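J.: Using the sequences and the hints, build the whole thing.
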Amino acid sequence: MKQRGFTLLEVLVATLIMAVAITGLLSALSTSLGSAARLTDYDRAALLGRQKMDELLIASKLPKLTPFEGTWAPEVAGDLRAGWRARIAPFEMPPTAGPGTPYLERVELEIWWMNGEKRRTLALEGFRRSVITPEDRALGIGR
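One point on numbering: in the working numbering, the residue at position 9 of the sequence shown is 84, and numbering is uninterrupted.
It is worth saying that the hints were derived from the structure and are not from the lab. Source: prediction; values computed, not measured. Incorrect hints may have been included.
Here are the simulated lysine to any residue pairs, SDA-like style, with alpha carbons at most 20 Å apart [said to hold, decoys possible]:
(1) 139 x 208
(2) 193 x 115
(3) 139 x 169
(4) 139 x 209
(5) 193 x 145
(6) 136 x 204
(7) 136 x 214
(8) 136 x 126
So the derived label-pair ranges between C-beta atoms look like this [what the hints assert, rightly or not]:
(9) 149 x 200: 26 to 32 Å
(10) 153 x 90: 40 to 46 Å
(11) 164 x 193: 25 to 31 Å
(12) 174 x 141: 17 to 23 Å
(13) 106 x 210: 52 to 58 Å
(14) 141 x 171: 22 to 28 Å
(15) 102 x 154: 25 to 31 Å
(16) 155 x 203: 23 to 29 Å
All C-beta atoms, glycine included, are put in the ideal place defined by N, C-alpha and C.
T.: Following this line, the structure appears as C-alpha cells:
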C-alpha cells in the first residue's frame, strides 16, 4: 500500500524556506516604516519652511545682513522639535544705487529639526524686490 503525504524532512525544509521568506519580509517592512517616519518629519519641516518663507517674503521690516532665528511652538509643529534661521541680503544691485532705487534681495532660510538625537536641516532660498532706504544706506547697502 502506498502512503500519501510528506516526509519529516520535506516538512522541515518547507518550514525553513517559509521562515527565511517571512524574516526577509519583516525586515523590509521594518525598514520601510523607518523611512516613512523620516519622510513624515521631512515633509512636515518642508511645509513649515514654505510657510516661514512666505512670511519672510512679504514682511517689510526685517533685519538685513544679520541672521535672525526662531522656533515653532508645539501646537504648530506637533511632536517635531523644529526651528529656523534666516538672513536677508542684497542679491543684485544697480551700479548707481541710491535711496528709492529698487533692487533684488535674497532670503536665505535654514529649517532644522531633531530626529532623535540627530539634527537635520533643510535650506530654502527665495528672492524679493525691495527699495533702498536711508537705513539700508547706513548698513552699507547700495554703495
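J.: Run the distance test for residue 193 versus residue 115: straight-line Cα separation, threshold 20 Å.
T.: holds (16 Å)
J.: For the pair we were handed, residue 136 and residue 204, check the Cα-Cα distance against 20 Å.
T.: Satisfied, since the Cα-Cα distance of roughly 13 Å is no more than 20 Å.
J.: Kindly confirm whether 26 to 32 Å is satisfied by the beta carbon distance between residue 149 and residue 200.
T.: For residue 200 against residue 149, whose Cβ atoms are near 28 Å apart, the range 26 to 32 Å holds.
J.: CA of residue 136 to CA of residue 126, is that 20 Å or under?
T.: holds (18 Å)
J.: Taking 20 Å as the top limit, are the C-alpha atoms of residue 193 and residue 145 close enough?
T.: holds (19 Å)
J.: Given the proposed pairing of residue 139 with residue 209, does the C-alpha separation stay at or below 20 Å?
T.: holds (13 Å)
J.: Please test the hint of 22 to 28 Å on the beta carbon pair from residue 141 and residue 171.
T.: holds (26 Å)
J.: Holds or violated: residue 136 with residue 214, Cα cutoff 20 Å?
T.: holds (14 Å)
J.: Residue 164 and residue 193, beta-carbon distance inside 25 to 31 Å?
T.: Holds: the Cβ-Cβ distance is about 29 Å, inside 25 to 31 Å.
J.: Kindly confirm whether 17 to 23 Å is satisfied by the beta carbon distance between residue 174 and residue 141.
T.: holds (20 Å)
J.: Is residue 139 close enough to residue 169, meaning Cα to Cα at most 20 Å?
T.: holds (18 Å)
J.: Is 23 to 29 Å a correct range for the gap between the Cβ atoms of residue 155 and residue 203?
T.: holds (27 Å)
Hint compliance for this structure: every hint is met.
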